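Chains as they are written, first to last, in the numbering used here: chain A, 5 to 115; chain B, 632 to 743.
Just so you know, these hints were derived from the structure itself, not from any lab.
Treat each hint with caution, since some may be false.
To be verified - Only part of the chain A face toward chain B is listed, based on derived beta-carbon distances under 10 Å:
| # | residue |
| --- | --- |
| 1 | Ser13 |
| 2 | Tyr36 |
| 3 | Gln42 |
| 4 | Arg55 |
| 5 | Gly59 |
| 6 | Ala95 |
| 7 | Gly106 |
Unchecked claim - EDC-like, lysine to aspartate or glutamate: derived pairs with alpha carbons at most 20 Å apart:
| # | chain 1 | residue 1 | chain 2 | residue 2 |
| --- | --- | --- | --- | --- |
| 8 | A | Lys41 | B | Asp730 |
| 9 | A | Lys46 | A | Asp88 |
| 10 | A | Lys61 | A | Asp88 |
| 11 | A | Lys61 | B | Asp730 |
| 12 | A | Lys75 | A | Glu6 |
| 13 | B | Lys688 | A | Glu6 |
All values reported here derive from a predicted model rather than from experimental measurement.
By construction, the Cβ of each residue, glycine as well, lies at the ideal position given by its N, Cα and C atoms.
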Amino acid sequence: GENVEQHPSTLSVQEGDSAVIKCTYSDSASNYFPWYKQELGKGPQLIIDIRSNVGEKKDQRIAVTLNKTAKHFSLHITETQPEDSAVYFCAAWAGYSTLTFGKGTMLLVSP
Amino acid sequence: EAQVTQNPRYLITVTGKKLTVTCSQNMNHEYMSWYRQDPGLGLRQIYYSMNVEVTDKGDVPEGYKVSRKEKRNFPLILESPSPNQTSLYFCASSLYIGDFSFFGQGTRLTVV
Chain A
5 GENVEQHPST LSVQEGDSAV IKCTYSDSAS NYFPWYKQEL GKGPQLIIDI
55 RSNVGEKKDQ RIAVTLNKTA KHFSLHITET QPEDSAVYFC AAWAGYSTLT
105 FGKGTMLLVS P
Chain B
632 EAQVTQNPRY LITVTGKKLT VTCSQNMNHE YMSWYRQDPG LGLRQIYYSM
682 NVEVTDKGDV PEGYKVSRKE KRNFPLILES PSPNQTSLYF CASSLYIGDF
732 SFFGQGTRLT VV
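Okay, chain A solo, but in the shape it has when bound:
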């Protein structure tokens, strides 16, 4: 089955810096890669996603890149703000099986 590795497990940045979270996946058939933000006491919230037919997608301060050859994808957050502090999860879906999540990255943005 699919295996998703996520790094780093914790990330501390200063407000205004950029943050990058990286994930690798094992199943070359995976074609959908969502990212979720989970705040304390809440369920995961889909913040951005990318499908295998594109290499990059942006939404304001958030961007996701995908390298299908290397089987890795990354989340980029620019101009970080304290409210970006949360746990972020990547995931991968191959179209015929379950959605497989990474183990999460705790992002802490210090003012």
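Put chain B on the given structure of chain A with help from the hints.
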């Protein structure tokens, strides 16, 4: 407001006492699923349903049952809970498989 509602939010129970966690969505979504979240393990899918009366196992189905008699509801049933099922549970729904948009607020279950 579009939402996925889980009940209860918190539950403490004893080993072996059957329990049900309810999940309801108001978006007429066809696809629903259950996940458990454990420290250091991320979210793992328990069961999913692609439509009424259609359910299938996820990655960690042992010890759980589900049913999908109506489109809006997808209850998670623990027939004989054990302490290793202590976890944070999330229900999710989406319009179609391949769109994993909406998660509930979670149910924190403790089995003693």
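Hint-by-hint comparison with the structure:
The interface hint given for Ser13 of chain A holds, since its Cβ lies 9 Å from the closest Cβ of chain B, which is under the 10 Å cut-off. Taken as an interface hint, Tyr36 of chain A checks out: its beta carbon lies about 6 Å from the nearest beta carbon of chain B, inside 10 Å. Given the 10 Å rule on beta carbons, the hint for Gln42 of chain A holds: about 9 Å separates it from the nearest Cβ of chain B. Below 10 Å, beta-carbon pairs count as interface contacts, and Arg55 of chain A has one with chain B at about 9 Å; its hint therefore holds.
Violation of the interface hint for Gly59 of chain A is found here, the shortest Cβ-Cβ separation to chain B being roughly 19 Å, above the 10 Å cut-off. Hint status for Ala95 of chain A: holds, given a least beta-carbon distance of 7 Å to chain B, under 10 Å. For the restraint placing Gly106 of chain A at the interface with chain B, the shortest Cβ-Cβ distance is roughly 6 Å, inside the 10 Å limit, so the hint holds. At roughly 16 Å between alpha-carbon atoms, Lys41 of chain A and Asp730 of chain B fall within 20 Å of each other, so this suggested pair holds.
Restraint check: the Cα-Cα separation between Lys46 of chain A and Asp88 of chain A comes to about 14 Å, which is no more than 20 Å; the hinted pair holds. Taking the CA atoms of Lys61 of chain A and Asp88 of chain A, the gap is near 19 Å; set against the 20 Å cutoff, the hint holds. Proximity of Lys61 of chain A to Asp730 of chain B is assessed by CA-CA distance (about 16 Å); at most 20 Å being required, the pair is judged to hold. Annotation: proposed proximity of Lys75 of chain A to Glu6 of chain A holds, straight-line Cα distance about 12 Å (limit 20 Å).
For the suggested pair Lys688 of chain B and Glu6 of chain A, the alpha carbons sit about 15 Å apart, so the restraint of at most 20 Å is met.
The structure fails to meet hint 5 from the earlier list, while all remaining hints are met.
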